[in-house]
Amino acid sequence: MGRAKHLRRAAGGSPTQTLPCDVARFRLTSSVHDASRYTVLTVIRSFASKDTERLWRRHRVPSLDPRVERVALRKLRQIGAAESIEDLRVPPGNRLEQLRGDRFGQYSIRINDQWRICFTWTVAGPEEVEIVDYH
Numbered sequence: 110m111g112r113a114k115h116l117r118r119a120a121g122g123s124p125t126q127t128l129p130c131d132v133a134r135f136r137l138t139s140s141v142h143d144a145s146r147y148t149v150l151t152v153i154r155s156f157a158s159k160d161t162e163r164l165w166r167r168h169r170v171p172s173l174d175p176r177v178e179r180v181a182l183r184k185l186r187q188i189g190a191a192e193s194i195e196d197l198r199v200p201p202g203n204r205l206e207q208l209r210g211d212r213f214g215q216y217s218i219r220i221n222d223q224w225r226i227c228f229t230w231t232v233a234g235p236e237e238v239e240i241v242d243y244h
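Going by the numbering used here, the residue at position 111 of the sequence shown is 220; the numbering climbs one at a time, nothing skipped.
You may find that some hints are simply not true.
[Claimed, not checked] Just the calculated beta-carbon pair ranges, DEER-fashion:
1) V232 <-> P171: 34 to 42 Å
2) S172 <-> R212: 19 to 27 Å
3) E192 <-> P171: 28 to 36 Å
4) P171 <-> F213: 25 to 33 Å
5) P175 <-> V232: 34 to 42 Å
6) R198 <-> E236: 14 to 22 Å
Honestly, the hints are just simulated from the structure, not real lab data.
Where a beta carbon is used, it is the ideal one built from N, C-alpha and C, also for glycine.
Sequences and hints are given; from them, build the entire structure.
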């Protein structure tokens, strides 16, 4: 049984029923176990800071506490997987905000009370993503 058929059956569908995602995404994963991570393949189009890009590529960022790094990476994955800006309203702990002032046109979600992830949302997805110390 092909991987795509197996995944369709595992999702409770018949072998001919398709899932809401395209099969090409499943082909990019290395195993059935990885299929749950297919949404991470959505691309963050650009980064405004090198440290944010390093974290996205799973490199250690010395300026961030390891606990903050873990949460920040999880939030970056959420941003990368979002199909629309509204997807980031859940969970409410993200506290999605549209920014004003010198950051007009950007959005932010909270990592914790001190750190935010700021980004610009376009039709193509998130751009100019950066982790910012708000205090």
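Verification of the hints:
1. V232 <-> P171: 34 to 42 Å: 35 Å, holds
2. S172 <-> R212: 19 to 27 Å: 20 Å, holds
3. E192 <-> P171: 28 to 36 Å: 33 Å, holds
4. P171 <-> F213: 25 to 33 Å: Holds, at about 31 Å.
5. P175 <-> V232: 34 to 42 Å: 35 Å, holds
6. R198 <-> E236: 14 to 22 Å: 19 Å, holds
Of the numbered hints given earlier, the model fails none.
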